[in-house]
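J.: The lines below spell out each chain.
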Amino acid sequence: MLATPGKLIRGWMERRAHQGHSVALGYRQILILPTRGGLVFTAMVLAIWVGAVNYSNNMAFVLCFLLLGLALVAMIHTFRNLLGLQITAAYPEPVFAGGHAHVPVRIDNNALRPRYGIVLRAAANRPAVTKIPQLDSRSAMLPVATRHRGLHPLPVVVVESVFPGGLFRAWSRVALEATCAVYPKPETGRVPEPKSHASTGSERPTGQGDDEFTGLRPYQPADPLKRIAWRTLAQGQEIQTKQFAGETPDRVWLDYDTIQGLAPEARLSRLCRWILDAEQAGRPYGLALPGRRLAPATGPAHKERCLEALARFPD
Amino acid sequence: MTIRRHRECVSNQTLAWLLGGLGLVMAPHALHVPLWLTATVIACGCLRYVLSRRGERLPGRTIRLLGVIAGTSAIYLSYGTILGLDAGVALLCLMASFKLLEMRTRRDVLVALLLGYFLIATHLIYAQTLLTVVYLLVTVWALTTLLITTQKADDGSRPLAHTRLAATMLAQALPIMVILFVLFPRVPGPLWSMPDDAYVAMTGLSDEMSPGSISEISQSDEVALRAEFAGDPPPRPQRYWRGPVLSDYDGRTWAQAGSSAAGPPEVLALTNATDYTITLEPHNKPWLLTLDIATGVDRAARFDAAHQLEQENPVRERIRYQARSVLQYQLGETLSGAARNHYTQLPDDAHPRSRELARTWRQEQTDDAELIEHGLGHFRREPFTYTLQPPRLDGDSIDEFLFGTRSGFCEHFAAAFTVLMRAAGIPARVVTGYLGGRMNPAGDYMIVRQSDAHAWVEVWLEGDGWRRVDPTGYVAPDRIEQGLAGALPQEALVPRGAFEGNGLRQHLSLRWDAINAYWNRWVLAYSPALQQHLMDRLNLGSWQRVALAIAASMALALAGLATLILRRSRQRPMDPAAAAWQRFCSRLARHGLHRRPDEGPRDFARRAAARWPTQADAIDAIAQRYGALRYGRRGGKQELRALHLAIRRLRLNS
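Protein chains in written order, with this note's numbering: chain B, 900 to 1214; chain H, -15 to 638.
Worth flagging that the hints you see were computed from the coordinates, not collected in a lab. Heads up, a few of these hints could be off.
[Unchecked claim] Stretches of chain B that chain H covers, calculated by requiring three or more beta carbons in the stretch to come under 8 Å of a beta carbon on chain H:
#: 1; stretch: 1061 to 1073
#: 2; stretch: 1183 to 1197
[What the hints assert, rightly or not] Covered by chain B, according to a simulated footprint, are these stretches of chain H (three or more residues, beta-carbon under 8 Å):
#: 3; stretch: 109 to 120
#: 4; stretch: 537 to 549
#: 5; stretch: 573 to 582
Small disclaimer: the values here were computed from a predicted structure and weren't measured. Even glycine gets a Cβ: it sits at the ideal position worked out from N, Cα and C.
Let the hints inform the model, and build the full structure from the sequences given.
T.: Structure representation (structure tokens):
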């Protein structure tokens, strides 16, 4: 198997990318190369040198060597501008496939000098640019385009700077340890109603509605906030949920196996759409995936659990 | 969150400084570019500023193209070429100013700044004094500040926010500059044949002399050479600095004789020799100047048949050499027939009246020496005047001068006298050089300026050799005794440097010249030859050793600089409150509660309080104290101690 030099270099750099959920940029993490402007600058210095030789002009030699020294010093300063920065990432809010995940990244400047023109970039997306005053920090939401459903590690974040002078570019590739949950893209257009499930009947008679208070039961994560028994909680007891007797809500099981004739991803997309529709209709829904079942409920927490289950499928 | 999105163009404020910086770079060029170009450059700068100020569009591609074509044509019309030094500089100025009109992106700004750096270099070809160094440092500083300001991703800071950084970087670049200046191999230039006007900036004597040529360079205040004497300097009337000898004559112009096979004439010293060292300013001609008749020089140069000292290549950089001269001498013993013919040659039909005069002299005097005396006396007997502004001579220049205008500068007298002597059958030639020189008490050396340029005559006397005679001295004795300003005190054209005085101004100017002389001697005279000399002294003879020396010293300098620059980036010791908080967090972590990276103290405390409800108050107090210490306005020692205490007293049971 042959690898192109470009691939080899990229692979090497990928391996060099520093790991961890919070990374401090040290000497070994920062790479530096001249920018195109730096090359043009060098060409200009060379032109001055040729002129100095041609005219035997010692002052032009002085200028030429001074500018060369300036470029070398700028290189060290550019390196210094990144050195010691602390990059920390947090988990981004989940997104639907095809949308942009916004990765919260914080840069801490623990040094007694400001850092200028710090550019943060994830993949080929629009970079964020900032100046960080001394002993301060800045946060940025790095947009990352998503394409496929799943639990994805964050893309490598590139921290770079050309300050001062734009002659050199110092950069560091940071592989932050965090994942981004990407839900399936909800199916669009008209979708068939979820089929009633055979098991619905057996769960129907529990009969907990909104009419009359019947008692308390231990809290379950998906219970709506308005049903929480705040009074007993305030008395220092365990968190409990109020139960009411009344009309049985129309529950539905959203079952992976009932969807026929579609590819697995398409099935997940339909399930996703069903979850969103049911949530919007306020209708309790349960999710049945091969190997995993989530009891019917409603509410944002339940929705997120269901969607995450879709993202993680088949885990 | 104050993260700015990427914006491309510079702010108006930065633009104003950018225009100012480039103006500073181009300002000295205004001295030698045509007025219309200066006006164009200023107009472009103002136009750009006004357009940006009003938020209007910059001129389109067609207009800019037309501008470039018009400007280039105008330069061609002004200079007759678009190549060469002067035209090239003019073109560069023009391009830089047009670049201002299309400066949209950061890259355009970079190009404009790089043009600016290059324009500094072009200025150095015209001037290399110490003041130029100041100019160089100031402009490089200004451009570097602008480079730092404009070439970064966020353009939020003020234009002058980085002046200090630019100065620091310049200071840090100095050691590298010094190392490379001394060690980097100097290639003897030029790399290719230079345009004709490459060395126009160098003034000095010419290899031709026609009426008006010496009075022209006499109006320059520039230094021609500096001389340090081992002993006492010679008295003023003997400070003849011998330059090119002119003996070819076409009726109007004197020129150097073509090369001859004859060796240099013998020199018989009649007094002790004078030793001295000359620092010669470049004049783009091969001859070296010496005090009167030199007998030896420590440089690869030879004397020709007219005892003119010449080296192989033109002097295009400042050189230093030691020489030894005699002031009383006999130059030459015999003159061959061919040489006698050459030195008495006159164009057949030229100067009939002068020849007639010489013939009458010859009839009166049979002895050559007496004839010469008589001839010189002619200039004193007749009403000749000495002036820097002689009337134009349109016809037969010698006849018109001798019998008509009778006023002229040294070249008129020298040329006329040589013609008269040749007409009388005495071998004669014109010698050009400098007469005079002034000791600088501040540096104990003599300054000879272009305004000391002079022409005199050498005549052949059988048995005596070549003897120097100076007809100017018979018209204006003060020229020899006191210099140009003494002889022509009222003429406005006499340059200031020709005057002598004891005022503060003179004193300061001599001090300044002394500093410049040291500068010239130690910095500007550092040539490939001198570098080779130094390398030999440092035992760096081979190029491998030189390369090694450069690599080693550069590595050392860069390592030193890196240590110096990066050392300061050490992190500040952690804030004590933050350290205490860190301890608190790790204690909780040991009990299984980890703070999430994006969790603030308050949120984390709430979670911790839910986990250890019995310690909720204590945890809340810790978070509050920490918040107050870290983000509050007051952070006393008592508060800190209370925080430490609260953390220590916290009892967690998992």
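J.: Are the hints correct? Go through all of them and say.
T.: Cross-check of the supplied hints:
1. 1061 to 1073: That given contact holds, which follows from 6 residues of the stretch 1061 to 1073 of chain B lying within Cβ reach (below 8 Å) of chain H.
2. 1183 to 1197: violated (count 0)
3. 109 to 120: Per the Cβ count (5), the hint holds.
4. 537 to 549: holds (count 4)
5. 573 to 582: It holds: at least three residues are needed, and the stretch 573 to 582 of chain H offers 3 whose Cβ sits within less than 8 Å of chain B.
Of the hints listed earlier, the one the structure fails to meet is number 2.
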